[in-house]
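Chemist: What follows is each chain in one-letter form.
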Amino acid sequence: MIGRFREAVKLIWPEFYPKISGRLNPYFTIADYRKIWGIGITLLTATALVPLAVATITYYQMVQRLVDSELVLRTERVASNARRAVTFFFEERLDALKFTVNEIGFDQLTDADHLLAVLRNLRLGFGGLADLSVIADTGVQIAYAGPFKFEEKNYGNQVWFEECKQHNYYVSETFNGYRNVPHMIIAVKGLRPDGSFFILRATLETERLFQTLSSYEPGAHADIFLTNRSFMLQTPSKYYGDIFEKMSLPPLNYSRKTQTVMSIDNKLRSIITGYAFITTKQTGTPFVLMVVKQKAGMIGALLAVRSNFNWVVGLGTLIIVVVVTVLCTIMVNLLFRADRSKAETMVLMEQSNRLASIGQLAAGVAHEINNPLALINQAAGYIKDLFIIEKRYQNDEVIMESIDCILDAGDKCAVITKQLLGFARNVDTKIQKVNLREVISDVLIFHEKEAVYRNISIAVSMPKENLEIETDPGKLEQILLNLVTNAFHAMEDGRSLKIQASASNEEAVVISVSDNGCGIPKENRQKIFEPFFSTKPKDRGTGLGLAITYGLVKKLHGSISVESRENEGTTFTITLPICIREEEGKNEDTPGG
Amino acid sequence: MKILLVDDEKRFVILLSKRLALRGIDTDHANSGEEAVAKVTDHHYDVAVLDVKMPGIGGIALERKLRLLAPGMKTIFLTGHGSETDFKIGSAESAHYLSKPINIEILLEELKNVMGKSSV
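Residue numbers (my numbering), protein chains in the order written: chain A, 34 to 626; chain B, 9 to 128.
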């Protein structure tokens with residue numbers, strides 16, 4: 034279970050995230066995996082989310098349009114109905130007064146008792162009538178029925194009197210009268226038999242009108258009220274001011290029909306306003322009917338659905354982002370691993386190629402030097418032969434020493450060129466069964482005396498049974514000899530050398546040569562297999578030993594590695610196949626090292 | 009024992025020839041494969057010391073020709089390359105070879121070996 038969890042974490046862990054550095058850096062095809070990762074996530078997320086966002090926005094807009102349309106329709110319907118009711122309210126009362134004027138006539142109406150009887154009857158029919166009065170064409174009130182004593186009051190210079198005189202009907206705005214109660218007046222002009230006119234005027238209490246209006250109130254977040262044409266409130270409003278105050282909504286344009294507008298109110302609420310200028314069939318009125326609905330209140334259910342939808346969209350977005358991120362991480366991880374593997378191979382190849390190139394160069398140089406060297410050698414040898422065999426200058430020490438010096442130098446050059454050629458040589462590989470214990474013993478014989486003299490202990494650790502492999506014994510001996518010689522050079526007197534050999538599996542053996550000498554500095558570990566790299570004093574090493582060893586191990590289809598700690602020691606480990614085919618050995622390319 | 013030294017480096021064969029002569033060995037020398045063929049055609053040699061890399065007929069090809077002319081003649085190859093690859097190409101599996109620069113004593117030793125094998 035834990036293993037699976039670890040595998041899953043490994044799969045999605047962004048290995049590429051730390052900046053690439055070190056020796057692999059130049060070999061990566063892609064330098065910035067973070068950027069690739071970021072671009073991948075951005076593009077994939079955008080590809081997935083843009084259609085979702087577009088669909089969501091389109092859906093919202095469509096729903097909003099539908100809802101707005103429905104809200105407008107509903108508001109308009111309420112406004113129309115209320116307009117008809119209010120219009121009917123006034124028309125009904127104006128008709129009643131007109132009927133009274135025509136039917137009863139001036140003479141009877143100016144009779145106080147008769148007028149009172151008419152008032153009672155009208156109250157019974159419509160209710161809300163405060164008083165009735167009859168005004169002569171001079172503007173002087175000549176009859177009155179009602180709670181006050183307004184006889185002989187002159188209305189001749191008042192606006193309503195002039196209005197009614199001209200248009201036959203009159204409907205006033207709401208106002209507070211003597212009783213400080215909101216009311217309004219309606220008036221109707223009648224004609225007398227002599228052709229003069231009189232006016233029947235009624236004071237209406239507004240209670241009945243308010244009731245009519247509130248019966249159309251369309252819900253908790255809605256308001257219905259009347260204003261005059263200057264938008265002073267004529268009835269109380271729930272949200273936009275008290276009666277006789279200026280309405281706290283923007284003014285509206287005149288329209289003969291019921292209209293609907295969408296706007297923002299003074300409290301920044303989105304509202305739909307349905308309005309109608311009230312006009313009766315007899316005359317115009319100063320009233321404007323207003324129906325105001327707050328959208329938020331009307332679409333509460335829709336908002337709840339939208340909230341749920343938002344959650345779904347949000348969750349979907351989150352899932353998309355997570356899936357895209359995980360997928361991108363996995364893909365970039367795979368890409369990164371492949372690239373890293375390639376980079377590691379490139380590093381190995383570069384090292385191998387470098388060694389091969391140096392090898393070829395070394396071989397070429399050695400060959401070119403060998404011929405003139407042979408000439409020097411023979412010339413000096415011949416001079417010496419002449420001196421010794423023909424006994425000329427044989428007693429001249431200076432000349433003899435000089436010739437020996439030339440010969441010695443020639444011999445040293447020959448050793449170097451031979452080593453160079455050995456480094457590059459493609460010698461025959463002679464495969465045969467080799468007993469590792471015997472090979473190791475043979476190699477250690479070379480160092481037996483030195484070990485005793487320098488008090489260096491040698492331990493060989495091997496399995497009891499015979500460990501046999503098929504390989505080239507000569508090359509194996511040279512490999513081990515080089516490693517043991519190197520170890521002896523690295524150790525001070527009194528240290529110890531350990532050689533271990535074992536079968537790592539059915540196909541390979543592992544031989545390690547460990548010393549507890551000076552170790553190899555970290556910066557040199559990469560270079561030790563390169564030809565001519567040496568930390569030994571000039572007279573002790575040519576820098577070819579490990580390069581040749583490397584080449585020989587490759588020749589035997591093996592591998593060599595080194596572990597070292599400064600001042601603690603070094604272990605060279607070679608892995609060799611238990612069995613190699615002779616053809617493989619022969620056809621192997623010239624080793625690079 | 010008569011030895012034929014063949015190398016395109018004239019001074020080298022002359023010097024080597026003189027050094028061997030000082031040691032009582034009868035030598036002759038040639039500076040090319042063609043010259044060597046002519047000499048072997050006309051004279052008898054016990055051992056031919058051939059440079060592997062020569063302009064014209066190289067050491068390996070020369071050895072094949074000389075073997076036909078003088079089947080009993082032994083051959084020692086000299087190589088400045090130090091590589092034995094050339095010998096795999098040739099048929100002389102038991103060929104002796106020495107890497108340049110050669111030590112006269114080693115050459116003498118090799119000559120002894122060669123002659124010893126032929127029981128001469």
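None of these hints come from the bench; they were simulated from the model. There's no promise every hint is true.
[Stated by the list, open to error] Computed list of lysine-lysine pairs in DSS-like fashion (alpha-carbon distance at most 27 Å, straight line):
{"no.": "1", "chain 1": "B", "residue 1": "K47", "chain 2": "A", "residue 2": "K451"}
{"no.": "2", "chain 1": "A", "residue 1": "K424", "chain 2": "B", "residue 2": "K61"}
{"no.": "3", "chain 1": "A", "residue 1": "K290", "chain 2": "A", "residue 2": "K314"}
{"no.": "4", "chain 1": "A", "residue 1": "K68", "chain 2": "A", "residue 2": "K290"}
{"no.": "5", "chain 1": "A", "residue 1": "K445", "chain 2": "B", "residue 2": "K61"}
{"no.": "6", "chain 1": "B", "residue 1": "K18", "chain 2": "B", "residue 2": "K47"}
[Claimed, not checked] Chain A stretches covered by chain B per the calculated footprint, using a threshold of three residues with CB under 8 Å from any CB of chain B:
{"no.": "7", "stretch": "402 to 410"}
{"no.": "8", "stretch": "414 to 424"}
{"no.": "9", "stretch": "442 to 451"}
[What the hints assert, rightly or not] Partner residues are not named here, just some residues of chain B that face chain A (Cβ under 10 Å, in silico):
{"no.": "10", "residue": "L24"}
{"no.": "11", "residue": "L30"}
{"no.": "12", "residue": "I33"}
{"no.": "13", "residue": "D34"}
{"no.": "14", "residue": "D59"}
{"no.": "15", "residue": "P63"}
{"no.": "16", "residue": "I65"}
{"no.": "17", "residue": "K73"}
{"no.": "18", "residue": "R75"}
{"no.": "19", "residue": "L86"}
{"no.": "20", "residue": "T87"}
{"no.": "21", "residue": "H104"}
{"no.": "22", "residue": "S107"}
{"no.": "23", "residue": "K108"}
All residues carry an ideal CB built from backbone N, CA and C; glycine is no exception.
Chemist: Please name the hints from earlier in the document that this structure breaks, with their numbers sorted from lowest to highest.
Modeler: Result: hints 1, 2, 4, 12, 13, 15, 16, 17, 18, 21 break, sorted rising.
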